[in-house]
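Everything in the sequence shown is counted per this note's numbering, starting at 56 for the first residue and increasing by one.
The hints are simulated quantities; they were obtained by calculation from the structure and are not laboratory data. Accuracy of the hints is not assured; some may be wrong.
Derived DSBU-like pairs: lysine-lysine, alpha-carbon spacing no greater than 35 angstroms straight-line [stated by the list, open to error]:
{"#": "1", "residue 1": "162", "residue 2": "119"}
{"#": "2", "residue 1": "124", "residue 2": "74"}
{"#": "3", "residue 1": "74", "residue 2": "170"}
{"#": "4", "residue 1": "101", "residue 2": "124"}
{"#": "5", "residue 1": "170", "residue 2": "101"}
{"#": "6", "residue 1": "74", "residue 2": "101"}
{"#": "7", "residue 1": "119", "residue 2": "170"}
{"#": "8", "residue 1": "124", "residue 2": "148"}
{"#": "9", "residue 1": "59", "residue 2": "124"}
{"#": "10", "residue 1": "101", "residue 2": "148"}
{"#": "11", "residue 1": "148", "residue 2": "162"}
The calculated label-pair distances, taken between Cβ atoms and stated as ranges, are [what the hints assert, rightly or not]:
{"#": "12", "residue 1": "189", "residue 2": "108", "range": "34 to 42 angstroms"}
{"#": "13", "residue 1": "104", "residue 2": "58", "range": "17 to 25 angstroms"}
{"#": "14", "residue 1": "106", "residue 2": "170", "range": "23 to 31 angstroms"}
The beta carbon of each residue, even a glycine, is placed where N, CA and C say it ideally should be.
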Amino acid sequence: MTQKEICDHIHRHGLRVSKQRVAIYQYMTNPFHPSAEMIYEALRDKVSSLSLATVYNCLHDFVKAGLAKELRIENEMVRYDADISAHGHFKCKSCSRVFDIPVDVQKIRECLSEKNREIEHISLVAYGICEDCLANGSRGNA
């Protein structure tokens, strides 16, 4: 997304556009699902008047406005995903990176509905070793 597209996107979701929000959202579009701390470390020298509290507040606002979702994978830190479409995640047990994976959420919903179950939220996480770690021979604690 361009900076203008990000500004428009934030504005359309009812939030005030600020340089901090734009920078944080732009960073969140990277595919590795950063935590608030990761975002702060990456942007603190690039965005004036950015604090960790500002990052947390912006992320909270993004989630509340439907611009992002929280990922709680295992008991680790909360990560954030700017892709709010229905999809699953793959967590590498060696490098701890988190990747998007396609999931047929409609089939899951149909299966659970047939069992007369009410679905509130679907979260799918697969665990294993990513292709980079396999190529490097890193198997971590898998």
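Evaluation of the provided hints:
no. : hint                          : in the structure
1   : 162 - 119                     : holds (27 angstroms)
2   : 124 - 74                      : holds (21 angstroms)
3   : 74 - 170                      : violated (48 angstroms)
4   : 101 - 124                     : holds (24 angstroms)
5   : 170 - 101                     : violated (51 angstroms)
6   : 74 - 101                      : holds (11 angstroms)
7   : 119 - 170                     : holds (31 angstroms)
8   : 124 - 148                     : holds (22 angstroms)
9   : 59 - 124                      : holds (22 angstroms)
10  : 101 - 148                     : holds (31 angstroms)
11  : 148 - 162                     : holds (28 angstroms)
12  : 189 - 108: 34 to 42 angstroms : holds (39 angstroms)
13  : 104 - 58: 17 to 25 angstroms  : holds (18 angstroms)
14  : 106 - 170: 23 to 31 angstroms : violated (47 angstroms)
Hint compliance for this structure: hints 3, 5 and 14 are not met, and every other hint is.
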